[in-house]
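Colleague: For reference, the chains in residue letters:
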Amino acid sequence: MTKMRIKIDELGTDILKAKGFELSVGRVVEEWEETPGPNPMPDISTLREWDHKLLKKYKPFYLPFCDLCCLCTMGKCDLSKGKRGACGLDMAAQQSRIVLLSCAIGAATHTGHARHLIEELIEKFGRDHPINVGDGSVYLEAPHARLVTGIKPKTLGDLEDIVEYCEKEIVHLLSCCHTGQEGNNIDFESKVFHAGMIDHVAMEACDIAQISTYNFPKADPEAPLVEIGIGTIDTHKPVILVIGHNVPPAVEIYEYMKRNGLENDVELCGICCTAIDITRHTQKAKIVGPLSHQLRFVRSGVADVIVVDEQCIRTDILNEAMKVNAVLISTHYKNFQGLPDRTNDPTDEIVNDLVSGKAPGACILNSEKAGEVAVRVAVAIAPKRRKMGIIPEDSQIIEAAKKCTQCHSCQRVCPNNLPIPEAMKAAAKGDLKPLADLYERCIGCVRCESEGVCPNNLHPHTLMVGASRIKIREEKFKIRAGRGPIQDVEIRRVGGPIVLGEIPGIVALVGCANWPDWKANALIAEEFAKRNFIVVATGCAAMAMAMYRNEEGLTVYEAFPGAFDAGGVLNVGSCVSNPHISGAAIKIASIFAKRKLNSNYEEIADYVHNRVGAVGISWGAMSQKASSIASGFWRLGIPVIVGPHGSKYRRALLGRKDRDEDWYVIDARTGERVYVGPTPEHLFFPVETVEEAMVMIPKLCMRPSDTTKGRAIKLNHYIDLHKKFYGTLPDDIHLFVRTVADIPVTMKDEILEFLKEKGWKESKNPSPDPTLLPRLIRVKKEG
Amino acid sequence: MAAEPWQKYEIPGPTKAVVITKPEVVSALVTRAKNPILVAGFKTAEIDFGNGKKPIDYVIRIAKAANIPVVATAHTVSEFLKRDFKPTAWMSAMDIGNRLTDPTWSVTGKNPPHDLALIIGISHYYMSWLIMSGLKSFAYKHLKTVSIDQYYYPHCNWSFPNLSLKDWEKNLTAIAENLEKGRKK
Ligand code: SF4
Ligand code: SF4
Ligand code: SF4
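First to last, the protein sequences are chains P and E. For the first sequence, the numbering used here gives the first residue as 335, with consecutive numbering after it. For the second sequence, the numbering used here gives the first residue as 6, with consecutive numbering after it.
Because the hints were derived from the structure by calculation, they are not lab data. Do not rely on the hints blindly, as some may be mistaken.
Said to hold, decoys possible - For lysine to aspartate or glutamate, the following EDC-like pairs were computed, each having C-alpha atoms within a straight-line distance of at most 20 Å: (1) P:Lys415 / E:Asp107; (2) E:Lys91 / P:Asp469; (3) P:Lys486 / P:Asp469.
Excised from the complex, chain E in its bound form:
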């Protein structure tokens, strides 16, 4: 399936992310990864799905279900703490991008490098896009990137296409449920 960048003029180049049509792909990637990490930006706490839920609530569910370390960027940590969830670390979006290029680094200090990064909600489409581009060219040897944001991010290895809020929430719910089921097994 072809997908277009959300911001129309952000044209990436010849290699583009595989479009995730089924959320199970994400849960499968997470389950298979040796050392996954989840990066969440401030938009996860800004967007409201209209039912009292925000993307950050799903980030917490996914992280708990799969036991993935979470890095909160900008001041998103305050929103996690309000929900009684302590992220593994908080640092700027630039810092986490930069560190993920380092094959000797892992957020827990254990088992480097990270081999899979789920990325969601960095506040500006173009900023997230650029960090993913940095990872594409400078972390490609050890890291695969997956965007579970609302929009298509072509610089990742895998990405959702551009989604309505409703479909985005549906996908996040499915990922969380899959991982929760997997944990119960």
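Extracted from the complex, chain P is given alone in its bound form:
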């Protein structure tokens, strides 16, 4: 398509007079040195063959929530035990459709966010504002956009073209979920992969836009340490709490404070990704914590003004704000909260109404105005509110606990099945410790406090937070501000060691806060940083990692460097920063291996899948966005582990290591088919315990391209962790040892004996040039 953009400051014709007139026709195609590959702007069908290749190895295991489908009015239909619905659909197709629906919602959410943010930033900074994500350290600024769309963005305006492509694809994907469309589960799964790929393109555009315009770290390994934890918030100041994912209102709050000399007089803090992103803009802001901290912090009454934007916000936030006399400002049309739209009202009038208590909140769809109102209202009401909270004192907790009749109703509605009644029994006798101990396993959902749950009208979550008061006050930690992308020079430095296996892997901790135990994030990060893996993180997982100290009293961000190198621990940023992680894998293929990037998805994914030892862990995955983020990794052939709640995504993608025929690649040098073992064994894998996750991580980092030295290093970690947690040698070592040189030296005798028992034989071709794509077979050069 050709580009055409007409920009006219003033246009005057016989029929029309216009000012600031701008017309874009067609897509802007910026020439770059690479010619396009085979798949520019792929549609749903383009990469189907690649998806089916992956899905043949990693077959879905469906885990239906219930036997029924209730999507259309022919239903409900019972699909269990081989039955079909009134439309002909079977259970496998229905489950995969639900996965697609989830991923389409996730991708739409990020794409909608990207569209909204980019439009706002274009209005403020101009369409021609240049892209800058690395201050010269990042030449390859948009690996996903270049790979998928063939666009090399140079300005904010170019990002709109990328988002437009994503929007079109999502409409088609969503339409596939309608009754009477797709009927084959594997084709649904291919569409799931498509949604994931699109999602990463959209998230990348979104983060590029905010890094380029706001004062965010630009691929900075030395990004500053910022404060995190409820205990860091200075409750003596007026406090503004921002919640959500869209950072402009928070930036405007801070900029207003700065302009008016209030930077040190007002506390700006946040929850979820807006918190991560505002601390990328200013290190004066603080992070309260991940999503699980939302309600408990609001109920503490510390925040005078709560400003919400989009995604992952408590949908009862207005009620909760009103309970503690805090003012709510909604800044996004995705989340009006029933509040009147005051965007066009005079600022003074809105401030007066909110300060006087005439209105509990307001919707202000203009970031600058919302910023000013938030600060002025916080300053005015803070002295009056005196931080009215609803967290009980010890004596009140004990009296309340005495009323518990041990009916177990609260435990039976708790997503984590927490033993609240037991803790209540102890509390009634004056021992609050069991109640306080539940705190780190509680996701703060307050289902236990829902209407009608407790026959005695007790509020278990509130009592638990009360019992944890001291612990919560001590929540004071450091997190490295989100650094953004990985530098090209870092990729050049580690590309070789990763592909050869000498850096054992990239471990990406991402996703939400629906974990059975939040400490697991920090434990995993620490274990693998110590083992010289590269640990990268985003979003709520990056926050949770910070909220735990090692024996020396340091958080992982203080104990390990922030560089993309062996033993580094990196906070890459918020949810929309995830593509910098998948993008690093793409960059290894492009920068290090010099594979063509432009519109060449299949070949790059084939490279990443067979060579880049990376694994994602989403210990508390909850949202639809988490599922689409994961599916973007799947299409690149990167495995993702989820914590137990991840089983509720309703299907796993599992390899069968016991089936040799599934684990062949083509040696691109000769065209010969070569058995390479289950490397990696699974693509989407819910685990039962953190110990299981720890053992699976090094295992899922093995790749067919590992050199003997690299394989020995990876095996060493796998076997060592297996012995530590499983108390014995793994039973599948023979599948991963190709030659004697693969065996870790310190374990040689033991493993040789094991291999002998298994009747193991050395591979004839232990180091093929692995590919799943016959078109990449080169003509035999020698021999």
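With chain P's structure known, arrange chain E with the ligands on it following the hints.
Modeller: Below, chain E with the ligands without anything else, positioned relative to chain P:
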């Protein structure tokens, strides 16, 4: 007898597990099965009956008495080994669920498929519940499932109702004793 899922909102659909009111039903099912299997999760090693015994001790007794192959999920194998019992295999809960849907697979490699799976102690109620749901829809042609966990699991063919720890231990003891008696005969 009607029973409710332990986690109240996990509503299964029209078909629900038959509630096991007498533990003898379990021993009878095991004795009758051609190729039974026992799947044990990490909760079997976490829960204490308050008398020094844990569910895993009964799993071992049941497995030995009926000579059933045991698959330990997650890192439960370490707990079996501490008790001098080597499970037939260890693999993730997802893997064993997935393989049980395969009519050509058996953990020993012999006599596939498994026609009866006893399931106990997978660490999270909902995770166990979902795997059982997967088996209900994708292994129904060859496999019957029995939950001998503390709670009611409606997606199985048979399940204990929600039990107190005391009653759960009583039931597990009865199953073990029945099978042990049967072996002596
Ligand atoms: S979409 Fe199909 S299976 Fe679902 S309710 Fe409608 S007819 Fe039944
Ligand atoms: S708030 Fe905590 S204790 Fe209450 S139901 Fe949610 S997770 Fe369970
Ligand atoms: S619901 Fe209320 S009475 Fe019942 S166990 Fe929980 S706190 Fe006690």
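Colleague: Taking the hints in turn, state whether each one holds.
Modeller: Each hint, compared with the structure:
| no. | hint | verdict |
| --- | --- | --- |
| 1 | P:Lys415 / E:Asp107 | holds (15 Å) |
| 2 | E:Lys91 / P:Asp469 | violated (58 Å) |
| 3 | P:Lys486 / P:Asp469 | holds (17 Å) |
In terms of the numbered hints stated before, the structure departs from hint 2 and from no other.
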